[in-house]
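> Sequence order for the protein chains is A, B and C.
Mapping to full-length UniProt numbering: the first sequence position 69 is 69, numbers consecutive.
Mapping to full-length UniProt numbering: the second sequence position 103 is 103, numbers consecutive.
Mapping to full-length UniProt numbering: the third sequence position 257 is 257, numbers consecutive.
Because the hints were derived from the structure by calculation, they are not lab data.
Watch out, some of these pointers could steer you wrong.
Taking lysine-lysine and the DSSO-like style, the derived pairs with C-alpha atoms no more than 30 angstroms apart in a straight line are [stated by the list, open to error]:
| id | chain 1 | residue 1 | chain 2 | residue 2 |
| --- | --- | --- | --- | --- |
| 1 | A | 261 | A | 183 |
| 2 | A | 261 | B | 172 |
| 3 | A | 116 | C | 283 |
| 4 | A | 116 | A | 261 |
| 5 | A | 183 | B | 171 |
Among chain B residues calculated to face chain A with C-beta under 10 angstroms, some are [as the list claims (entries may be wrong)]:
| id | residue |
| --- | --- |
| 6 | 111 |
| 7 | 115 |
| 8 | 128 |
| 9 | 134 |
| 10 | 135 |
| 11 | 139 |
| 12 | 142 |
| 13 | 151 |
| 14 | 180 |
| 15 | 181 |
| 16 | 182 |
| 17 | 188 |
Residues of chain C clear of chain A, computed beta-carbon distances all greater than 10 angstroms [what the hints assert, rightly or not]:
| id | residue |
| --- | --- |
| 18 | 59 |
| 19 | 66 |
| 20 | 77 |
| 21 | 112 |
| 22 | 113 |
| 23 | 114 |
| 24 | 201 |
| 25 | 238 |
| 26 | 251 |
| 27 | 298 |
| 28 | 299 |
| 29 | 377 |
Predicted, not measured: the structure shown is a model, and the values here were computed from it.
Here a beta-carbon is modelled for each residue, glycine too, at the ideal position from N, C-alpha and C.
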Amino acid sequence: MDQLQALLTDVLREGIGAKTAAIAIVIIGLNVHFGYTGLLNMGQAGFMLLGGYGFAISVAHDIPFVVAILIGFALATVFAMIIGFSALTLRGDYLAIVTIAAAEVIKILGNSERFKSLTGGSLGFPSKKYDPAFLNLSFFPHYKTWQILSFNYADVSTSAGFRIFGWLVVLALAVGLVLAGMKLASGTRKILVMVGLGVVLLLAALFMFPLTELSTGDSKVGDHVASSTGWWVVFVGWVLAAICTGIVYLLTRSPWGRMLKGIREDEDAIRSLGKNVFAVKLQALIIGGCFGALGGMVYALSLGAIKADDQARPMTFLCYTALLIGGAATLLGPIIGPVLYFFGQWTIEGIVRFYVPDSFLSDQQAEPTAYVVMGTVLMLLVIFRPQGIFGDKRELRFHV
Amino acid sequence: MSEATARADALASVERTPGSAKPDPILRVDKIVRQFGGITAVDVEHLEVQRGIITALIGPNGAGKTTFFNLMTGFDQPTSAGKGGAAWNFNGKQLTRTGAAAIARTGMVRTFQLTKALSRMTVLENMMLGASNQPGERLALSLFPPAWRKREAEVHAKALDLLARFKLDTKKDDYAGSLSGGQRKLLEMARALMSDPTMIMLDEPMAGVNPALTQSLLGHIQSLRDDGMTVLFVEHDMHVVRHISEWVVVMAEGRIVAEGPSDTVMSDPAVIDAYLGAHHETDLAELDYDEIESEVAEEEQEREELG
Amino acid sequence: MVGAIVVAFVGLLCALSTAPPAHAADDETCTQTLESACIQGTLLVRQGKQKNLPISGATVVLTTPSGDEQTTESDSDGKWHFNVTEEGTYKVSLDESTLPSGMSVEGKNEVSLPIKFGTISANSASFSINASGYNPNQKDKTAEVMQGIYNGIVFGLLLALASIGVSLIYGTTGMSNFAHGEQVTLGGVLGYWFCNVGLPGIGTIGLLPAGILVVLVCAGIGWLQDRLIWQPLRRRGLGLIQLMIVSIGLSLALLFFYQLMLSTDTKQVSKKTVTPHYIFGDKVAWTSLSLTAALISIAIIAAIGFALMRTRLGRATRAVSDNPALAMASGIDTDHVIRMVWTVALALAGLSGLLYALVIQNGITALTGSQILLLLFAAVTLGGLGTAFGALVGSMVIGMIASVVPTLGVPDDLKYATAMLLMILMLLFRPQGLLGKAQRVG
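Chain A with its partners taken away, still in its complex shape (with noise of 0.2 angstroms):
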């Protein structure tokens, strides 16, 4: 019972932490190219690791924090550019060969000897270098222990019973807002609800398992504490996507989003009246990696360290998974995709952990045995629900 306890902790923790915000901004990007446009960036990892990269040794040059996310966004948008102008004039394949290996490329750099003392080389660019200046600018209290909800069920009852029923809310709950993003027809109206049903749930699930955490991890009180603890970094990267999912909202609902969605329909209808597609498309690659790079920072900020190998090729795959699970072309697709994912992956994870004899599975082999899940799930998806479980039923009926 504690141990499941302790395990669920661990999901809720891991779901909601700064890396999930992260991936949700990254696949806010995503979604701009995949989703609205229809551009398959098989390189958006690369954005994300530019961005990181470009943010942490500004920073650990002391050039100035705003000045350094700057820096950020301008390594994506060249990239972007050097991208755009070798494939976008191309058929759609070509897009996807060219940003696997340019983003190969930015991996093999990161890693390379060559640029250690950059990058950090293969061993990683180390947060302590650039992540005193993103607590320095926190306006929580340092160095404080914060419990989430402190009125909890311990308040309440300990009792086995109480939590189990409180669990089955939980459930209850959560199986109540997938059934509504799946039943409702897409519109204001479900989002509403579903972020209505979210904040409930998400309450609740604090109220059963409550996470106990630092305010801000603190560079200048005793040893370097890494930003990956405390509610500072997962502050502002839940604030991050949601103003990253705000401007994507706005854009999409313009006259240029409705150009990017009738370019994903057909390029030629809309050259025919009258639109430079390309220009369009590259925009979109612009913007949609910079959210990768912005993405790519938090991410920093949420690790120990930058590390090349971390944001290769799995990392673009297991956005397009988390993409299509929250559903393509969606507005909290985005954001619901990846909560999801880690919810799962770590579900997964634990259960080998703890309920799956060594012997058959170890420790070590939980990790794999999660992406193998994982790889299976996307595969099912595309083929079966295409459109996403919250993507909307009507869209199915037309093959592009």
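We have chain A; now place chains B and C onto it with these hints.
This is chains B and C only, laid out in the frame that chain A set:
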């Protein structure tokens, strides 16, 4: 009928030979050649299209009509580009090196043989995309609705207007992918009109449309002409053409073989030859398989260019 | 460049007491506890054809925090170690006079190491040695480049085996198969299984029967994969992008499945030692194994080329690649053609993986195929998407670049990046690929 008479009068003095000069040409084409591998799909020496009338471009399958359309609208580049005086000119503008989007912006808008309705967008969204001068299509302004809301309202009103005219107003919130083939043709035509073009190029607007809808399509085409637009349309059925077009251009094997008013051109021996082919008195069984295959290949190529 | 640079790495390892003993050293006298630590390293000469030649008998000097000096000599493997029982900053240096004549330390000949018992951070340092006069096996630049070209030809041919499959699948179905890398891995893994682990009831088998069995099994898997996955999906009318994402999912699932089975170790296939032979004086080294691999590849590629040009099925394959609708209209059973393409493509990928594990990488890891995948795509794109002959040419170019650029001064870990940059640049200037037809690009 006075306008119709005026149009007929203007054409009365025009020679009925391929490449003849028109009194007021809106489109002027010179020495355009397009080859696919070894096959010459289009080889047009000279062509002028008269302003303000309906011109039909007819010819048997594989005559190169669609390829010619693609060349004119920038969706394909002529093999002859840059050499031997290859050029075309629309409404006084040289278009020889212009891209498809820029050509559309000069006022020459086209439709496609295989309709390009944007399936996963609503009919209304399809229409709104046709409008020009929408500042909200500029990325920098798109985030500030006040900058484009006024134009959006105008475009919206115009779209509803056109949808009503084409009797699609009841479908405005449906996905375009759910429309019937004929309705998609109508939608595509209506969408092309959103930008107030001076010339509209329709690629087989009647193909795959049921007879009832064909009549209304023909009516729409005529009303475009009455609004002052120039219409050039591709059709392979001569009889459809007869009723509505003032001038007919006949293509065969990539070349223009005849021109003239619809009633006279049909009896031109070159046209009959083109339609029934040089084989028209030979037995079908004697047809050369390779030749048919190359024709099919060319058709496929054209379709590929489109799709 | 006369005077090769001989680099000796002094790797200093301060492993944790919790680290598995295998990592500490082969020498069990050097142990890590909460009360002691181990400082150790290996002196290696990195050079041309004989990589990582150990330097034996060199004296290593350790200065303790209290200023005492201890010395030790490197053994025949170039290994040396010190056991220390005191925390503090140690200094390690090499006695240059004990190095083989002509060698000298390049840069600073002293490494400081703060030693703490039970810390998490492992310290390591290295310094290099310039040996202007010492050249037991002097190699000039030409020899290095020539060796690179030979290796490039072998590597290119192995890449071609796999990339022709990618190209044929792309040509006939329009789909980029992201799971192809994992099929390459499968060949190596099966080879390891047949040769080293052994089949239940039969035991290990020789390399030749194992090779044949690998090809047959992989062909069967190709047939099954098309029957069970790709054909039903084509029938469902799944779009090309969706198919591509399905192959990504498959590649992820397979990659991590291999990792589950193999963990992250390199598994050597058939541990026969091979002695190199030399041609062109002693400029280029070749082994009978690498030459055999190259000849097998050439023979198979030639057979595929002949089949495509001359046989009925080959002509049908080309017809489907050129124009599927026309091919179907002319009565070609496209499903049958595509089934055969998958079968052949995956058989070739398996063979390529087995040969790769034998002659290029000296073993197979779960990641092998996924590392090669992008080289395959680069090769296919370079040669022109969907043309089998183009895939061969592209593979040779990519193999050559990856093998030759390191000999021209590009760091070894950037060789693949160079190949991929070249592909991206080529798309800027010649998007249809080296051999593609211009008008096929949309």
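> Now, for every hint given, state plainly whether the structure supports it.
Evaluation of the provided hints:
Simply put, residue 261 of chain A and residue 183 of chain A have alpha-carbon atoms about 23 angstroms apart, close enough for the 30 angstroms limit, and the pair holds. With a CA separation close to 17 angstroms, the supplied pair residue 261 of chain A and residue 172 of chain B stays within the 30 angstroms bound. For the proposed pair residue 116 of chain A and residue 283 of chain C, the alpha carbon gap of about 33 angstroms is over 30 angstroms, so the pair is violated. Annotation: proposed proximity of residue 116 of chain A to residue 261 of chain A is violated, straight-line Cα distance about 42 angstroms (limit 30 angstroms).
For the hint pairing residue 183 of chain A with residue 171 of chain B, the CA-to-CA distance comes to about 23 angstroms; that is within 30 angstroms, so the pair holds. Taking 10 angstroms as the C-beta contact cut-off toward chain A, the hint placing residue 111 of chain B at the interface holds, the least distance being around 8 angstroms. Evaluation of the residue 115 of chain B hint against chain A yields a held restraint, the C-beta minimum of about 9 angstroms falling below 10 angstroms. Using the Cβ-Cβ criterion of 10 angstroms, the hint placing residue 128 of chain B at the interface with chain A is satisfied: the shortest such distance is roughly 6 angstroms.
Checking residue 134 of chain B against chain A: minimum C-beta separation of about 5 angstroms stays under 10 angstroms; hint holds. Because the smallest distance between the Cβ of residue 135 of chain B and any Cβ of chain A comes to about 8 angstroms, under 10 angstroms, the interface hint for this residue holds. About 5 angstroms separates the beta-carbon of residue 139 of chain B from the nearest beta-carbon of chain A, less than 10 angstroms, and the hint is met. The restraint placing residue 142 of chain B at the interface with chain A holds, with a minimum CB-CB distance near 4 angstroms, inside the 10 angstroms limit.
Restraint check, residue 151 of chain B versus chain A: the minimum CB separation of about 8 angstroms is within 10 angstroms; hint holds. With a cut of 10 angstroms, the hint placing residue 180 of chain B at the interface with chain A is violated, because the nearest CB-to-CB distance is about 14 angstroms. A cut of 10 angstroms between beta carbons decides the hint on residue 181 of chain B: the least distance to chain A is about 14 angstroms, and the hint is violated. Proximity of residue 182 of chain B to chain A is violated relative to the hint, the smallest CB-CB distance being about 18 angstroms (cut-off 10 angstroms).
For residue 188 of chain B, the interface hint holds, since its Cβ comes within 10 angstroms of a Cβ in chain A; the closest pair sits about 8 angstroms apart. At roughly 29 angstroms from the closest C-beta of chain A, the C-beta of residue 59 of chain C stays outside 10 angstroms, upholding its exclusion from the interface. The Cβ of residue 66 of chain C lies farther than 10 angstroms from every Cβ of chain A, with a closest approach of about 28 angstroms, so its non-interface assignment holds. Even its closest Cβ contact with chain A, about 24 angstroms, leaves residue 77 of chain C beyond 10 angstroms, as expected for a residue assigned away from the interface.
For residue 112 of chain C, the requirement that its beta carbon stay farther than 10 angstroms from each beta carbon of chain A is met, with the minimum near 19 angstroms. In this structure residue 113 of chain C is separated from chain A by more than 10 angstroms, as the shortest Cβ-Cβ distance comes to about 17 angstroms. Residue-level check passed: residue 114 of chain C sits 16 angstroms from the nearest beta carbon of chain A, beyond 10 angstroms. The claim that residue 201 of chain C is not at the interface with chain A holds, since no C-beta of that chain comes within 10 angstroms of its own (minimum 23 angstroms).
Distance to chain A contradicts residue 238 of chain C as a non-interface residue, since its nearest Cβ pair spans about 7 angstroms, not more than 10 angstroms. For residue 251 of chain C, the requirement that its beta carbon stay farther than 10 angstroms from each beta carbon of chain A is not met, with the minimum near 7 angstroms. No Cβ of chain A approaches the Cβ of residue 298 of chain C within 10 angstroms, the least distance being about 27 angstroms, so the stated non-interface status holds. Residue-level check passed: residue 299 of chain C sits 30 angstroms from the nearest beta carbon of chain A, beyond 10 angstroms.
In this structure residue 377 of chain C is not separated from chain A by more than 10 angstroms, as the shortest Cβ-Cβ distance comes to only about 5 angstroms.
Against the hints set out earlier in the document, violations occur for numbers 3, 4, 14, 15, 16, 25, 26 and 29.
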